[in-house]
Each structure stands twice: as C-alpha cells, then as structure tokens.
Amino acid sequence: MPELPEVESVRRQLAPRLVGLAIDRVEADPAMPRYLRPTDAEGLTITSVERRGKYLVASLEDALDLILHLGMTGVLRWRDEDGWEPDAYVRASLHMVDPDGRPAILDFRDVRRFGTLAVTRHGEHDELPTLAALGPEPLGEDFTLAGFAAALRATGQQVKPFLLSQRPVAGVGNIYADEALWRARIHPASRRVGRARSDRLHAAIREVLAEAIEREGTTFRDYQMVNGASGRNAAFLVAYGQEGKPCPRCATAMRKTTIGGRGTTYCPGCQR
DNA sequence: AGCTTGTCCTGACTGC
DNA sequence: TGCAGTCAGGACAAGC
Numbered sequence: 001m002p003e004l005p006e007v008e009s010v011r012r013q014l015a016p017r018l019v020g021l022a023i024d025r026v027e028a029d030p031a032m033p034r035y036l037r038p039t040d041a042e043g044l045t046i047t048s049v050e051r052r053g054k055y056l057v058a059s060l061e062d063a064l065d066l067i068l069h070l071g072m073t074g075v076l077r078w079r080d081e082d083g084w085e086p087d088a089y090v091r092a093s094l095h096m097v098d099p100d101g102r103p104a105i106l107d108f109r110d111v112r113r114f115g116t117l118a119v120t121r122h123g124e125h126d127e128l129p130t131l132a133a134l135g136p137e138p139l140g141e142d143f144t145l146a147g148f149a150a151a152l153r154a155t156g157q158q159v160k161p162f163l164l165s166q167r168p169v170a171g172v173g174n175i176y177a178d179e180a181l182w183r184a185r186i187h188p189a190s191r192r193v194g195r196a197r198s199d200r201l202h203a204a205i206r207e208v209l210a211e212a213i214e215r216e217g218t219t220f221r222d223y224q225m226v227n228g229a230s231g232r233n234a235a236f237l238v239a240y241g242q243e244g245k246p247c248p249r250c251a252t253a254m255r256k257t258t259i260g261g262r263g264t265t266y267c268p269g270c271q272r
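Quick note on numbering: the numbering used here labels position 208 of the first sequence as 208, and the sequence is numbered without any gaps.
Just so you know, the hints here were simulated from the structure itself, not pulled from any lab data. Nothing here was measured: the structure is a model prediction, and the numbers come from that model. All C-beta atoms, glycine included, are put in the ideal place defined by N, C-alpha and C. Heads up, a few of these hints could be off.
[Claimed, not checked] FRET-style restraints, in silico, Cβ to Cβ:
id: 1; residue 1: Gly-263; residue 2: Ala-63; range: 37 to 47 Å
id: 2; residue 1: Gly-101; residue 2: Gly-261; range: 43 to 53 Å
id: 3; residue 1: Glu-141; residue 2: Thr-257; range: 33 to 43 Å
id: 4; residue 1: Pro-129; residue 2: Gly-156; range: 18 to 28 Å
id: 5; residue 1: Arg-102; residue 2: Gly-261; range: 38 to 48 Å
id: 6; residue 1: Asp-142; residue 2: Ala-196; range: 14 to 24 Å
id: 7; residue 1: Leu-21; residue 2: Thr-130; range: 25 to 35 Å
Given these sequences and hints, build the entire structure.
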C-alpha cells in the first residue's frame, strides 16, 4: 500500500530520467473508470515530477498535469529493464524515447485496479476530490502545530479515520497512521485530541515518514520501486501488522481491531 | 455539511 | 485436494 514514503521513493528514482522526455504515446486500458484522458499527454514533454501526498504529479508542456496514484498495488517499471517484463496486470504504458534514441517504456502494473491515471489542466484537480482538498505536506513548513491542532479540534471524527482522509495532513495511510499514533501514545479511536497530544502526533507523523523515506519505504507485499527493489522499513514497524507482539514501550500485547472500517493495530496499554 | 458506511478489485489466505 | 468464504485498503459515492 504505497503511502507518502513509498511514492516519494518512486518519485526519486523516476524524476531524473523522466524530466525532459516527451510522451509519444499512451496505452491505457479503456475499461478503467479512474483513467481520465490519459492520451491527452501524447506529444508533450515532461517538465517536472513532483509529489503531493500519495499522488505523483508530472508537469507537462501546455500547462497540463499528468497525475498518477498507485492505489493499493500500483507499481511502475521500465519495460525490459531490471528483470521486468510486462504481464497481464499492466494497465497503462507511457511510450517515450531516451536522449540516446532508445525507446523508454514506463509500465504501470496494478493488480487490484485501484490506481488513478489522469491528465488535467495544471492545478485543476476538481475531478480528484481528495487531491483537491489535500492537507499540507507533512514534511513542509505549511504543516504547523497550530494548524494541525485546530484541524483535530474542529473534526468530530475519530483521529485515525481523520488522518486517513488526507485532510489534516497529506500522505498518511494505514501503516504510518498506526505507527504515528503508537509513537504519540494516542488511541486511534480518540475523538478528542488536545494540544499536547496533537503536538506529539505532529512530531510522530514527521518522524515515521522521514525515517521510512530514508529506508525507501515499507514493502509488506506489493510495493516495489521502479528498479524492482523493496523498501527496507518493514523490519522497523512496531504497530502495523504486529498484532500479538509485545509493545516495545510497555510490553502489553499489541491488539488488532477495526476502526473506520480499517484494520488497526495499537497498544491497549499505553495508547489512550 | 460532515460523519459513516459500502463499493470497487483480485490474489492470498483460512477452514472444512 | 478443492473450493467457498474472508481479508487486505486506497479513494470516493451514497446515505444518514
């Protein structure tokens, strides 16, 4: 499940090679309802490859954005490189030509079809409501203690589903929500998060995401980078997927439950 | 308007 | 061994 650290790791591998290339042709499964005008990218040069939350946003000539969301199982691979050959799960491909004249084909493999591929006018993301309403980048200066505290105070939602909504902060998914809430000692179902706990959660989100980026993401099952490598963060998880193991802080057995319809692992001993 | 629930999707896993 | 049922969770729409 690619979250911010996974998408950032992909972006860092992708950007140096992609910037400056022209997209000659886009092959995309026409049956995918979340693919919006992908062929509008044809003939246009990529000028930058940025990331907003879990979205990859490539700027194209003519003031267009090429937006890619990896969904649950999305992976990008260069055709016939690093041991990759396309299979039945490739839903879209970008056909380009490297500066040396060789074809460069980027395949988008997405087993569960939850991914998004869209071309929009630059900055006009109303067709992607979560992107349009996306909260601040957690590692940027717009993610402030006061703003985060105010957002938590204003909502009536449980704290974990609120984080997953992408509105208080961008890029936190199920893995890093569990990790950050554990680190901040906050119960994931809490509806009242005061300033002290809000500040702890703010710091915890930044820490778990920054550490995961350093380790190039968490590979639980599907996630891999553009060269096929796995992330190295899975061994450092203390909450997500750690049901039954002793809490590293208080030794209580980690418990799994469902909150907001999502599997949630937390420590009943020290997350209140 | 905002929160909650259900839906999509398909491979992996569980239990009989 | 085979097969049905369940689970996983991104975003988002429908329902309350």
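Check each numbered hint from earlier against the structure, then list the numbers of those it violates in ascending order.
none
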